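S.K.: Below are the chains, spelled out letter by letter.
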Amino acid sequence: VTAPALHGAGPGATSVVGGPTPRPSSGGRRPRETLLALLFLLPGLAGLGTFVVFPLLQAVYLSTRGNDILGNSTPSVRLQHFAELFTPGFGALLWRTCVFTVLVVVPGVLLPLALAAPMTQRLPGMRIFRTTFALPFAYSASAASVVWLIILNPGVSPVNWLLGLIGVTAPNWTTDPTWAMITVAGVTVWTVSGFNLLVISAGLAGVDEEVLEAARIDGATGLRQFFSVVLPMVSPSLFFAVVTTTLSALQALGQVQIITDGGPNGQTRTLVYSIFDNAFHNNNSNFRLASAQGLVLLVVGVLLAAIQFGVLERRVHYR
Amino acid sequence: VSNRLNRPGALPSALTYLWFGIAAVVLLFPVLLTVVGGFLPSSSLLHQPPQPFGGDWTAESYVEAWNQPVVPLAPAFANSLLVGIAIMLGHLVTSCLAAYALAFLRTPLRKPLFWLFLATITVPYESIVVPNTLFIRARSW
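If you read the sequences in order, they're chains E and F.
My numbering numbers the first residue of the first sequence as 10 and each following residue consecutively.
My numbering numbers the first residue of the second sequence as 20 and each following residue consecutively.
If you're looking for bench data, these hints aren't it; they were derived computationally from the structure.
One or more hints might be untrue.
Label pairs and their in silico Cβ distance ranges [claimed, not checked]:
| no. | chain 1 | residue 1 | chain 2 | residue 2 | range |
| --- | --- | --- | --- | --- | --- |
| 1 | E | PHE289 | F | LEU47 | 52 to 62 angstroms |
| 2 | F | THR152 | E | MET135 | 45 to 55 angstroms |
| 3 | F | GLU83 | E | GLY215 | 46 to 56 angstroms |
| 4 | E | ARG131 | F | GLN67 | 40 to 50 angstroms |
| 5 | F | ASP75 | E | GLY319 | 53 to 63 angstroms |
| 6 | E | THR187 | F | THR152 | 29 to 39 angstroms |
| 7 | E | ASN292 | F | SER32 | 57 to 67 angstroms |
| 8 | F | SER62 | E | GLY319 | 49 to 59 angstroms |
| 9 | F | LEU135 | E | ALA101 | 29 to 39 angstroms |
| 10 | F | ALA78 | E | VAL165 | 49 to 59 angstroms |
| 11 | F | VAL44 | E | ALA211 | 19 to 29 angstroms |
| 12 | F | ILE155 | E | ALA101 | 49 to 59 angstroms |
| 13 | E | THR43 | F | ILE140 | 43 to 53 angstroms |
| 14 | E | ASN293 | F | VAL54 | 31 to 41 angstroms |
Just so it is clear, the structure is predicted and the values come from calculations on it, not from any experiment.
Positions of the beta carbon are idealized from the N, C-alpha and C atoms, including for glycine.
If we strip away everything but chain E, and leave its shape as in the complex, we get (with noise of 0.2 angstroms):
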């Protein structure tokens, strides 16, 4: 990122009207600018300060005490929290989150791809194609679920009335131990579907018809010339959606919630469910435990960051 662009802009100027004045050779400040320039971050300093900082730094604090039964701090039990976590209910916890979030990234990217790469033939109805497929991405997850919920209903549901129809038993999706895991994140897969949809095709429309057809002159057809003229033009939006659905697999809390409680027998349960459910269900008030696995949320989120920029984003092709 570079640094903002630099104008001389000065509030007292009267050519403001007219665009940024030249900027003076001489790097003094004029105290007027600076107070001004104070004045404006203080609203937005004031109000990460106090919902992000300030917060912040509380986790740290309360991830040190002890906790009563109404949620009162006790005086400190140092690192004690942080040690109820290495054990392995907590690393089997790290893995579901680990599972669940590779169960969602994987298929909610390519599944998008799949569907975005066919659209830039040029077909009649792809454009309604394109805008119905991208339609759950106005579902909040929420709604999502509830939705899902109906359809794999064991009493209702069409899906196992058609797998009924081809012989196959149609396992409990929600409750058996196994499909639960696969059923949130498939609704997951779907809701991200549609925003990455739009994503992967906006990249796909990007593509220089030059550069197709240079490599069509060169030989390239079918699925030499995706694999290896389209696909790393569109690396950056891919790159774009690996991350973000990252992020939204990770903080993913409304499905699980309403589609399994966590269950059956905590197997759904991740990281965040575990934060909401030590700080705010059943009136648990265990608010250090859920602050100190709030910092390992907040650990894994930035190492996974890092490690996407720093090993898939070297493959990434920007032009």
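For chain E, the structure is supplied; the task is to place chain F on it using the hints.
M.R.: Same frame as chain E, now just chain F:
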């Protein structure tokens, strides 16, 4: 010229429409159910096989949802609207002011401040939701 370049033959076209047809059934059935389901009497909504176009359409579900006392919808919508507008205005005002100061004014510590603003993106809301909740509760709003 470019129009002719990307026009596929008969077989690829047929395969494309087949794939989109299958995808449409899977991806858009929930959308259909959302739109139609609310207007169906529960007997045809819960029917197997599904009858999205079969039953007698009625607006009864919507009337019932509006009148039920468990979660009154009018205040809920008002709350959502209030929260949405407040967040939008707050972002707009604070971001515009700060961005102007960082972009056009000679602000001391411009780069560190810019990165401070940017770095807050990496903080997931769930990491700070607990202190924020305790803070608001302590003000007993």
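S.K.: Is the hinted range of 29 to 39 angstroms satisfied by the C-beta distance from THR187/E to THR152/F?
M.R.: Given range 29 to 39 angstroms: holds, Cβ gap about 34 angstroms.
S.K.: Does the Cβ-Cβ separation between ARG131/E and GLN67/F fall within 40 to 50 angstroms?
M.R.: 41 angstroms, holds
S.K.: Confirm or reject the claim that THR43/E and ILE140/F have a C-beta distance inside 43 to 53 angstroms.
M.R.: Violated: the Cβ-Cβ distance is about 27 angstroms, outside 43 to 53 angstroms.
S.K.: Has the hinted range 49 to 59 angstroms been met by the Cβ atoms of ALA78/F and VAL165/E?
M.R.: 22 angstroms, violated
S.K.: The hint says 46 to 56 angstroms between GLU83/F and GLY215/E; measuring C-beta to C-beta, is that right?
M.R.: 48 angstroms, holds
S.K.: Taking 52 to 62 angstroms as the hint, is the beta-carbon distance of PHE289/E and LEU47/F inside that range?
M.R.: This hint is violated: roughly 35 angstroms between Cβ atoms.
S.K.: Can you let me know if the beta-carbon spacing of ASP75/F and GLY319/E is within 53 to 63 angstroms?
M.R.: Check passed, 59 angstroms falls within 53 to 63 angstroms.
S.K.: Hint says 31 to 41 angstroms; check whether the CB-CB distance for ASN293/E and VAL54/F agrees.
M.R.: At 39 angstroms between Cβs, range holds.
S.K.: Given the hint of 29 to 39 angstroms, is the C-beta distance from LEU135/F to ALA101/E inside that range or not?
M.R.: 36 angstroms, holds
S.K.: Quick check: does the Cβ-Cβ distance between SER62/F and GLY319/E fall within 49 to 59 angstroms?
M.R.: 57 angstroms, holds
S.K.: Falls inside 57 to 67 angstroms, the C-beta gap from ASN292/E to SER32/F?
M.R.: 60 angstroms, holds
S.K.: Measuring from beta carbon to beta carbon, are THR152/F and MET135/E in 45 to 55 angstroms?
M.R.: 47 angstroms, holds
Hint compliance for this structure: hints 1, 10, 12 and 13 are not met, and every other hint is.
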